[in-house]
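*Asks:* Spelled out from the first residue to the last, the chains are:
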Amino acid sequence: EVMEQTTKVLATPVARKLAKDLNIDISIVKGTGPAGRVLKEDIYRRKEELNK
Amino acid sequence: MKDYDIVVLGGGPGGYVAAIKAAQMGAKTALVEKGEIGGVCLNWGCIPTKTLLKSGKMYEDILNSKEFGIDIEDISRVTINWTKMLQRKDKVVKQLTGGVKALLKGNGVDVYSGLGEVLDSHTIKVKDTTLRTKNLIIATGASPFIPDIKGIKESIESGIVITSKELLEQKELPKKLVILGGGVISTEFAILFNTLGVEVSIIQRSHRILGSLDKDIREGMAKLMMKKGINILFNSNVLAVNGNTVTIENNGIEKTLEGDKILISVGSTPNVNGLQHIGLKIDKNGIVTNEKMETNIKGIYAIGDVNGKYNLAHVASAEGIVAVENIMGKESSINYKKVPSCIYGFPEVGTAGLTEEEAREQGYDVITSSFPVAANGKALAEGESEGFIKIVADKQYGEVLGVHILAAHATDMIAEAVTTMELEGTVHELAKAIHPHPTLSEIVMEAAHGAIDKPIHIFK
Amino acid sequence: MKDYDIVVLGGGPGGYVAAIKAAQMGAKTALVEKGEIGGVCLNWGCIPTKTLLKSGKMYEDILNSKEFGIDIEDISRVTINWTKMLQRKDKVVKQLTGGVKALLKGNGVDVYSGLGEVLDSHTIKVKDTTLRTKNLIIATGASPFIPDIKGIKESIESGIVITSKELLEQKELPKKLVILGGGVISTEFAILFNTLGVEVSIIQRSHRILGSLDKDIREGMAKLMMKKGINILFNSNVLAVNGNTVTIENNGIEKTLEGDKILISVGSTPNVNGLQHIGLKIDKNGIVTNEKMETNIKGIYAIGDVNGKYNLAHVASAEGIVAVENIMGKESSINYKKVPSCIYGFPEVGTAGLTEEEAREQGYDVITSSFPVAANGKALAEGESEGFIKIVADKQYGEVLGVHILAAHATDMIAEAVTTMELEGTVHELAKAIHPHPTLSEIVMEAAHGAIDKPIHIFK
Ligand SMILES: Cc1cc2nc3c(=O)[nH]c(=O)nc-3n(C[C@H](O)[C@H](O)[C@H](O)COP(=O)(O)OP(=O)(O)OC[C@H]3O[C@@H](n4cnc5c(N)ncnc54)[C@H](O)[C@@H]3O)c2cc1C
Ligand SMILES: Cc1cc2nc3c(=O)[nH]c(=O)nc-3n(C[C@H](O)[C@H](O)[C@H](O)COP(=O)(O)OP(=O)(O)OC[C@H]3O[C@@H](n4cnc5c(N)ncnc54)[C@H](O)[C@@H]3O)c2cc1C
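Chains as they are written, first to last, in the numbering used here: chain B, 1 to 52; chain G, 1 to 460; chain A, 1 to 460.
Heads up, some of the hints might be wrong.
Chain A stretches covered by chain G per the calculated footprint, using a threshold of three residues with CB under 8 Å from any CB of chain G [stated by the list, open to error]:
#, stretch
1, 59-70
2, 165-174
Below 30 Å or equal to it, Euclidean Cα-Cα: the simulated DSSO-like pairs (lysine-lysine) are [claimed, not checked]:
#, chain 1, residue 1, chain 2, residue 2
3, A, LYS91, G, LYS101
4, B, LYS30, G, LYS454
5, G, LYS395, A, LYS292
6, A, LYS134, G, LYS460
7, A, LYS227, G, LYS84
8, G, LYS298, G, LYS337
9, G, LYS227, A, LYS292
10, A, LYS215, A, LYS395
11, A, LYS292, A, LYS66
12, A, LYS395, B, LYS47
13, A, LYS134, G, LYS84
If you're looking for bench data, these hints aren't it; they were derived computationally from the structure.
By construction, the Cβ of each residue, glycine as well, lies at the ideal position given by its N, Cα and C atoms.
If we strip away everything but chain B, and leave its shape as in the complex, we get (with noise of 0.2 Å):
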């Protein structure tokens, strides 16, 4: 599992499970939807960052 987490964070659906596959650590993606909830753009990008 992805998510140790101690603060609560705000994600979508698809987001939580797209983190999963990717094996992306959610806690650390900054999110740019509202109250700052990880969207699935921010996991992609997030992805992309990785990458490079």
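Following the hints, complete the assembly by docking chains G and A with the ligands onto the known chain B.
*Replies:* Frame of chain B, contents of chains G and A with the ligands only:
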């Protein structure tokens, strides 16, 4: 002797949904029902009442239709045909229960008619047949609680004091109806019969009706009911029933009320008769279960009204699915925090999640935002502008903790709140989501704007 | 000469919402309106039609009320009072536009009555007053497109060929109505007047009406309309109008149709008169804007029907808020992917997100799931069981891409879909969220179950 993976005891919305789900998931499944498939909900509860409420609404609309540009030459010639209303109700019920029977059959559920006797956790007897099962789901429901009041027995015997089931079977519409109790069912019956021209009184022990609801909603609803001419007697203890007369103590003063019929609706007791001997843990609410619907006995699950958690059909069905999924090895649990609850009337109530009081008690840093239906264009277009919405949210992220709606279409509208909460949504998404114009749902968006900053369509 | 931070040109649902929002955010704001505050939407569009549709629904209900247990001695004495209907409509409109005026005032927006002439991007002239502004929001709306048909001019002059605005101002209810065009507005008028007993024909150029909707929905709706007795002529080209006669070529054959009134409803053209000279980029749809509602000229924004993206009031309002937020330095953009769209009628249509066709075109691995209204208890209780829901989802995670509802309360129900999509929700949450029983919203949950596995209440 027949062998099953799952036997379901009771064919209400808890039991029949569980049985269908079980069969869909590949379990060899039996359903035992002593009365009517569909249980209270389809036969004497949810569906019959909504069928009659629709007729009531139509009647009310007809009486008001002049304002909407429809001329009826002599309005006194518009009359209620109670017999016909009940016939339509019966037809709808038959259609739905027939549908459920077909679904059970189509999915391959064996249905046994008759009282199911639980011999032990793996053995159920129905008439001359014995069923062996790996798992048992108890879904026997609940029955109206009959309080111990002086003279009540005699009045029940003479058919004056009745429960909701009998009230829906009356040959004639009563002229005066006295209702003991101020819960959801009482409220729905009060509004229904009031609309049909019956003189209705509600006798309520405490200082409020609909005690479990958010304060603003329950007070708003009570006010609207009284405005409609429903007589609500708060702080009233019933001292005795004598024929068709109820004697109460109202704020220290003794009074009597008369009704052709007296409806008892003061709660319910779980149907656990014949279940105690197998060692099931049962408390005053019903069979004790955890969030997987497991009882204290391995392989026995209890769902619906018999566990006494929520007396709601959709909870019974959801619990049924959870029980079956757990049996079939799919981890599943129920989350009661987001359960919606509705009152059908004119207007309606739809509510889900925490009330303001509950949210504060649970230590949240609460923000609330209300928005009146009267500021909504569609409501004015429809001529139904009573009520309001109230959103309860957590300050930190704006997470929606509860949504409470008093409005004409509240029961249709609450689904948005339920799904939002399922998605841990915040007021920011509710405000940002483009709600269609003109719809009542715009009040959700407006209230959400109000929780963040300011709504557009009221000045504050 | 007056100085403003923001001048809004046009006081429809785009402009007035933008103006209120601007003032709320602290901008010194002026609104210029040459006609009526509220624009098309409040005065001749959304609200008037829904007001009349409510009357139509009541009339239809009254004619069917016998089945619901209401006896009307002589149903022939129930008549439509068109004048009264229009009076109620006017009353509702006045109440709403009055409300908007009060809101503008309360929020401190300066309202100028009169045609606004844009001299340059910072200067607007209204009658004798010149307004200087840092930012300009253009919200001038659109007008009905009048096609170039032989004889149409003469018939317009004689008041036979009319637009929706005039149809809502007719002193008498027409007996026969011919509608040119098969879009949303045509559909609503067809259903309204059909319900009021008018003989209605729709002349549509292509083989389908409601072309932008999901195939199943538009075909379902067309079928129900024809069942109601609305005459839809597909594949028909209008050759000429002669007085109150329309000559068409229908599948190669020439036919004539007669109507007391002929409604033109074949689209609209943006109101860009007097705006071209300042160098605005305008294409055939309207003023070209990006997702921040910026035009090609810095400081000028265009919202609502004048940009021709969606001719919907809620889009106009949402765009208004986006424009203002950007002006005020708050990053904001509009997402058209989730815009809901409704058709008001009996039944209604509520739709949001991608159609099945669109989702496939965009390369998604699509799953769809439909569920019929006829399998829903509340629908049967209400006697309104036509229609279905269709969910379009992405296979990978079950993300909801589109929801399409044809049902009696579809316009109330679509909000749930909109918010779900705003939250990137999946069919799993829609299925898991406990929807209240009995409500129409249960079909959302059932269809979601069907997308994952199997619904409970149909056998497939
Ligand atoms: C007037 C009224 C209106 C209501 N309206 C609503 C509403 O609008 N929405 C809502 O959510 N809820 C409503 N409810 C509540 C709802 O009806 C119940 O919550 C729901 O029926 C509970 O379902 P269940 O399956 O647990 O039990 P039940 O529906 O009570 O079904 C239990 C079944 O088990 C059978 N049974 C019991 N013991 C045995 C046995 N030993 N062997 C065989 N069969 C047995 C019974 O015959 C019965 O058919 C209403 C209730 C009433 C009375
Ligand atoms: C019959 C009908 C039914 C409809 N039903 C619906 C519905 O149910 N839901 C929905 O979402 N949409 C509906 N619409 C569409 C909706 O009315 C429009 O999308 C909406 O009104 C667009 O808003 P707007 O602010 O862009 O423009 P408008 O509402 O057209 O307002 C523009 C305003 O600008 C003013 N104006 C124009 N030029 C100038 C100028 N130079 N100076 C000063 N003022 C100017 C005009 O007088 C007008 O008041 C309907 C439309 C019609 C015709």
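*Asks:* If you draw a straight line from the CA of A:LYS91 to the CA of G:LYS101, is it 30 Å or shorter?
*Replies:* 51 Å, violated
*Asks:* Is the straight-line distance between the alpha-carbon of A:LYS134 and that of G:LYS460 30 Å or less?
*Replies:* With Cα atoms ~27 Å apart, A:LYS134 and G:LYS460 stay inside 30 Å; holds.
*Asks:* Between G:LYS227 and A:LYS292, does the CA-CA distance stay at or below 30 Å?
*Replies:* Roughly 48 Å separates the two Cα atoms, so the pair is violated.
*Asks:* Does A:LYS395 sit within 30 Å of A:LYS215, going by the straight-line distance between their CA atoms?
*Replies:* 20 Å, holds
*Asks:* Compare the distance between the alpha carbons of G:LYS395 and A:LYS292 with 30 Å, and conclude whether the hinted pair is satisfied.
*Replies:* 28 Å, holds
*Asks:* Taking 8 Å as the Cβ threshold, is the statement that the stretch 59-70 of chain A is covered by chain G upheld or broken by the three-residue rule?
*Replies:* This one holds; 9 residues, not fewer than the three required, reach chain G with a Cβ under 8 Å.
*Asks:* Please work out if B:LYS30 and G:LYS454 have their alpha carbons no farther apart than 30 Å.
*Replies:* 27 Å, holds
*Asks:* Starting from A:LYS134, check that the Cα of G:LYS84 is at most 30 Å away, please.
*Replies:* Not OK: A:LYS134 and G:LYS84 at ~68 Å, beyond 30 Å, violated.
*Asks:* Could you grab the alpha-carbon distance between G:LYS298 and G:LYS337 and see if it respects the 30 Å cut-off?
*Replies:* With a Cα-Cα distance of about 26 Å, the restraint between G:LYS298 and G:LYS337 holds, given a limit of 30 Å.
*Asks:* Just to be careful, I want the Cα atoms of A:LYS292 and A:LYS66 compared with a cutoff of 30 Å; is the pair within it?
*Replies:* Answer violated: A:LYS292 to A:LYS66 is near 54 Å, above 30 Å.
*Asks:* Given that the stretch 165-174 of chain A was listed as covered by chain G, double-check it with a C-beta distance under 8 Å for 3 or more residues.
*Replies:* violated (count 0)
*Asks:* Please work out if A:LYS227 and G:LYS84 have their alpha carbons no farther apart than 30 Å.
*Replies:* 27 Å, holds
Going through the hint list in order, the structure does not satisfy hints 2, 3, 9, 11 and 13.
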